[in-house]
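**Student:** Let the sequences and hints guide you as you build the complete structure.
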Amino acid sequence: MHDTALTRRHLLAAMAGAGIGAALPSGMARAANPASAATPTAARGKDSIGVALIGLGYYATHLLAPGLQLTRHCHLAGIVTGSPEKIPEWQRKHGIPDRNVYGYDDFDRIADNPDIQAVYIATPNDLHKPLTLRAANAGKHVWCEKPMAMDAAEGQAMIEACRANKVQLTIGYRLQHDPITRRLIAMAREKPYGRILKLRAEAGFHAYDDVDPANKPWRLLPQHGGGAMYDMGVYALNAARYTSGQEPVAVTARQEVVREHLFQGVDETMHFTLEFADGLVAECATSFGREMNTLRADCERGWYELSPFQTYDGLKGRTSDGQTFASTGTSPYQQAKQMDDDALAILQGTAPLVPGEEGLRDMRVVDAVYASARAGGKRIVL
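Under my numbering, the first residue of the sequence shown is numbered 1, with each subsequent residue one higher.
Rather than coming from a laboratory, the hints here were simulated on the basis of the structure. Treat the hints with care, as some may be off.
Taking CB as the label site, the calculated pair distances span [claimed, not checked]:
(1) GLY45 / ALA351: 18 to 24 Å
(2) PRO97 / LYS46: 16 to 22 Å
(3) ASP106 / PRO222: 26 to 32 Å
(4) GLY45 / ARG374: 47 to 53 Å
(5) ASP106 / GLY265: 28 to 34 Å
(6) ASP106 / GLU256: 39 to 45 Å
(7) LYS46 / ASP106: 27 to 33 Å
(8) GLU85 / ASP209: 24 to 30 Å
(9) ARG109 / LYS198: 49 to 55 Å
(10) LYS191 / ARG163: 31 to 37 Å
(11) LYS191 / GLU160: 35 to 41 Å
(12) GLU283 / ALA186: 21 to 27 Å
(13) ARG99 / ALA186: 43 to 49 Å
(14) ARG189 / ALA371: 28 to 34 Å
Note that beta-carbon positions come from the ideal geometry of N, C-alpha and C, so glycine has one too.
**Tutor:** So, in structure tokens, the structure goes:
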């Protein structure tokens, strides 16, 4: 399977792609900028985890690999790709020896490679489960991009395979590692503005106008897990869950397709409502046809929001009492902290911050969203 290049317009828009971030200080902090120079703040440990990147598309090339140059507890040790033409440049740029280069056909040989302790799966969604199972059976820890899988049944199989092989499984919700998100998770417990009365979470962008319908990228193909809900909708869903501190008990969804020549069998826009046990309702949306990037909680004694809430940098927010906040950090790559946290969990034998079970909780809701949309907006009880 060849790594799929994304259109430039999508890549720029996809910079809006993930969870949310840091601690709600009263003053606005400067957001990290991936274009800025950065140096590791400490020497890499002697027990550094060797990581092999699987799938050498945009995300691995421009975010994961540079992020691994800044980590202290893990390092880029190998690559797995279906595009042999990419191998020489990766070896030249990152010093990867021949023994640590794999194709999809011979990937299982990684079991015999002591240089590599973990793999990061950054492939089309339909490959997440089979590659996770192969990596787990090879005795390698698995870091898997979101969405975790094509459905909850696949996610459960991934968890069981990793558990059986005594390796960790983590899901790439990178912004759950950022201080703003950690603070929001704490606010769900602390309720500084009283009980949350209403939630809104929207994640999307307009792209793909320049796509040839006869040569669609994988994110527009149903067999690869295409569609806005899989790609961006999980960010709105995940944010609604951690901002409320609850799991939804029912789902209602409605799908929209405007560009029918492009979106065949996949959703262009999805509106979905999450109901929680205490009566809270989260109105969520995701789209490949509209710009949307807001997370807002309206509470008994005020409100707080992030907009944008799921960019690679420049997260910004405000509160009803005049506070402003933004993401901060010593690394210009959010992925560096994510991978360092996951590496430390392996080294210390502790549970990862975002385990496979977290991805599975989202997949169960994603399944219900699609079921509701197919049934004309039927309320699905979880």
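**Student:** For every hint, state whether the structure bears it out.
**Tutor:** Do the hints match the structure? See the list:
no., hint, in the structure
1, GLY45 / ALA351: 18 to 24 Å, "20 Å, holds"
2, PRO97 / LYS46: 16 to 22 Å, "19 Å, holds"
3, ASP106 / PRO222: 26 to 32 Å, "29 Å, holds"
4, GLY45 / ARG374: 47 to 53 Å, "49 Å, holds"
5, ASP106 / GLY265: 28 to 34 Å, "32 Å, holds"
6, ASP106 / GLU256: 39 to 45 Å, "43 Å, holds"
7, LYS46 / ASP106: 27 to 33 Å, "30 Å, holds"
8, GLU85 / ASP209: 24 to 30 Å, "28 Å, holds"
9, ARG109 / LYS198: 49 to 55 Å, "53 Å, holds"
10, LYS191 / ARG163: 31 to 37 Å, "35 Å, holds"
11, LYS191 / GLU160: 35 to 41 Å, "36 Å, holds"
12, GLU283 / ALA186: 21 to 27 Å, "23 Å, holds"
13, ARG99 / ALA186: 43 to 49 Å, "45 Å, holds"
14, ARG189 / ALA371: 28 to 34 Å, "31 Å, holds"
When the structure is compared with the earlier hints, no violation turns up for any of them.
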